[in-house]
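If you want the building blocks of each chain, they are given just below.
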Amino acid sequence: MKTTTKIAVFAGAVAAFLLVSVAGAAAQKANIVYTEGSAKIKAAAGAQRVADIGGTIVYGESVITGKDGLVELTLPNGSDIRVTQNSVFSYSSTGTGKDERSVLATTAGKVSYKLNKAVGKPPVIQTNSMVAGVRGTEFTVFAGRDGSVLLAVTGGIVDVESQGQTVTLNKDEAVEVTPGQAPGEKYVFLGKELDFSNWNQGKEAIFLADPVGGLKRAEAQLAEYQAKFDSLKEPLDKATKELEDAYAQYEPVKTTGDKDAILKFQIETLNPAKDKRHVINQNIRYYALNYLSVRRYVLSNMYMEMKSRYPIARTDEAEAFFKLHAEILARYEEGIVPKLNENDY
Amino acid sequence: MKRKLMIGLPVLLALVFASCASTPYVQKESDVLKLVRLINEGKVTQVEGLSPAPFVLDTETLYLESDVTTMWNNLKAASFRMANAEFVETKRVGPDSWKVFADTFDMKNYFAKYTGKDSSIVTLDTSDGRYFLLLERKTHGYPRIRGFKGPVK
Numbered sequence: 035m036k037t038t039t040k041i042a043v044f045a046g047a048v049a050a051f052l053l054v055s056v057a058g059a060a061a062q063k064a065n066i067v068y069t070e071g072s073a074k075i076k077a078a079a080g081a082q083r084v085a086d087i088g089g090t091i092v093y094g095e096s097v098i099t100g101k102d103g104l105v106e107l108t109l110p111n112g113s114d115i116r117v118t119q120n121s122v123f124s125y126s127s128t129g130t131g132k133d134e135r136s137v138l139a140t141t142a143g144k145v146s147y148k149l150n151k152a153v154g155k156p157p158v159i160q161t162n163s164m165v166a167g168v169r170g171t172e173f174t175v176f177a178g179r180d181g182s183v184l185l186a187v188t189g190g191i192v193d194v195e196s197q198g199q200t201v202t203l204n205k206d207e208a209v210e211v212t213p214g215q216a217p218g219e220k221y222v223f224l225g226k227e228l229d230f231s232n233w234n235q236g237k238e239a240i241f242l243a244d245p246v247g248g249l250k251r252a253e254a255q256l257a258e259y260q261a262k263f264d265s266l267k268e269p270l271d272k273a274t275k276e277l278e279d280a281y282a283q284y285e286p287v288k289t290t291g292d293k294d295a296i297l298k299f300q301i302e303t304l305n306p307a308k309d310k311r312h313v314i315n316q317n318i319r320y321y322a323l324n325y326l327s328v329r330r331y332v333l334s335n336m337y338m339e340m341k342s343r344y345p346i347a348r349t350d351e352a353e354a355f356f357k358l359h360a361e362i363l364a365r366y367e368e369g370i371v372p373k374l375n376e377n378d379y
Numbered sequence: 006m007k008r009k010l011m012i013g014l015p016v017l018l019a020l021v022f023a024s025c026a027s028t029p030y031v032q033k034e035s036d037v038l039k040l041v042r043l044i045n046e047g048k049v050t051q052v053e054g055l056s057p058a059p060f061v062l063d064t065e066t067l068y069l070e071s072d073v074t075t076m077w078n079n080l081k082a083a084s085f086r087m088a089n090a091e092f093v094e095t096k097r098v099g100p101d102s103w104k105v106f107a108d109t110f111d112m113k114n115y116f117a118k119y120t121g122k123d124s125s126i127v128t129l130d131t132s133d134g135r136y137f138l139l140l141e142r143k144t145h146g147y148p149r150i151r152g153f154k155g156p157v158k
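Chains as they are written, first to last, in the numbering used here: chain B, 35 to 379; chain U, 6 to 158.
Heads up, none of these hints are tricks.
Calculated lysine-lysine pairs in the DSS-like style (CA-CA distance at most 27 angstroms, straight line): (1) U:K104 x U:K118; (2) B:K357 x U:K154; (3) U:K143 x B:K101; (4) B:K237 x U:K81.
Source of the hints: derived by calculation from the structure; they are not laboratory data.
Make the full structure from the sequences, and use the hints.
Written out as structure tokens, the structure reads:
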């Protein structure tokens, strides 16, 4: 029997319902079952510790591997995750209560997944330019330093959707997604594993051939997050007003001392108003955190590549790159940072 | 008397060591210029070993060790030098030091999370402009470098 997995590329297109909780109180622990070389765990509050066999990571934490690093994790439902060298894998959750789902994010490098379909809600697979809902399949996500993503399936069927277009991948098929674009043509990789290093070097070469173009592609991805973020401001204001109104109506109900009436008002009016506002606020943070991820792992890398090549004398092209980079950072500070907190860093 | 000395000496030494460990580290000009020479000579392997991730480059934070390595390799390939570097001053990292690098959310949090009492910002003037180096207690004879900004004209 074939296992079908639906993957929707680009968070903006599909993830309006997502709630991300990076500091979930009821966080599920992922067990570290194997490590090699240099590997650290970055806690939500920013402190880093060495990744040790027998240790755990919880929601809000990330695995960062070095040049010789490797970390293997097992989720509570038995799913296996393999974080290879020079990679960043982040573990968080979406939704609350019975709707909670794990979010498994590949923000840099290569992460392989072998997901167990038997137990629990399916996790959300995320990268800097992709969100996926998967169940019971094996695949690898390659997150290029230019924001591109390559997804290769080694078990089951995966539907990759981006910009309204869907590509269905069978076993041994792969597809590439460039930020802000529909999935490319799928292709077959028979017989051997894809070479991520070569793929990433190709991405880097494309970026260096046209750094401003590369930055603009990342900017398009950020603009999509920003647009989603902005589109929720009005609903948030409306929900805030509704909650204020609900509290205003609640005061006279409370003064009656009628416990049944108080409970009825809480259940029918106050709590739904609270939940509605909470959901919108969490969605706003979801997009803000996606923006932060691209800013942190894609824009920083692009800046490093350019600054280290043009440390003092700059070409016109380099100047144009640094100018646009500064503009994007200014927009991030003004528009996104107010929705972040220090634990997001 | 001899017995008292035998007991007292280790205690005294322990107190001296504890006091050294808790005293904020001050960067010496000679050590800083030694590090600059290492960078200018393009000794990437050594400099990389002194540069832990996350590393600050101007406004940016490099989280991956491989990015820090790439940065030093690229700088070497670009014949990067802090030419005619002169030590201007060293200041221990304080509450507002992050603004030297960038007045941003990221830099504020980087300094809050990854710098401590042994962290200093050293100012250097060079032929190409001013550099700010974020340095820590030395290891193997050289200060560890957690980031730099510049040249600022």
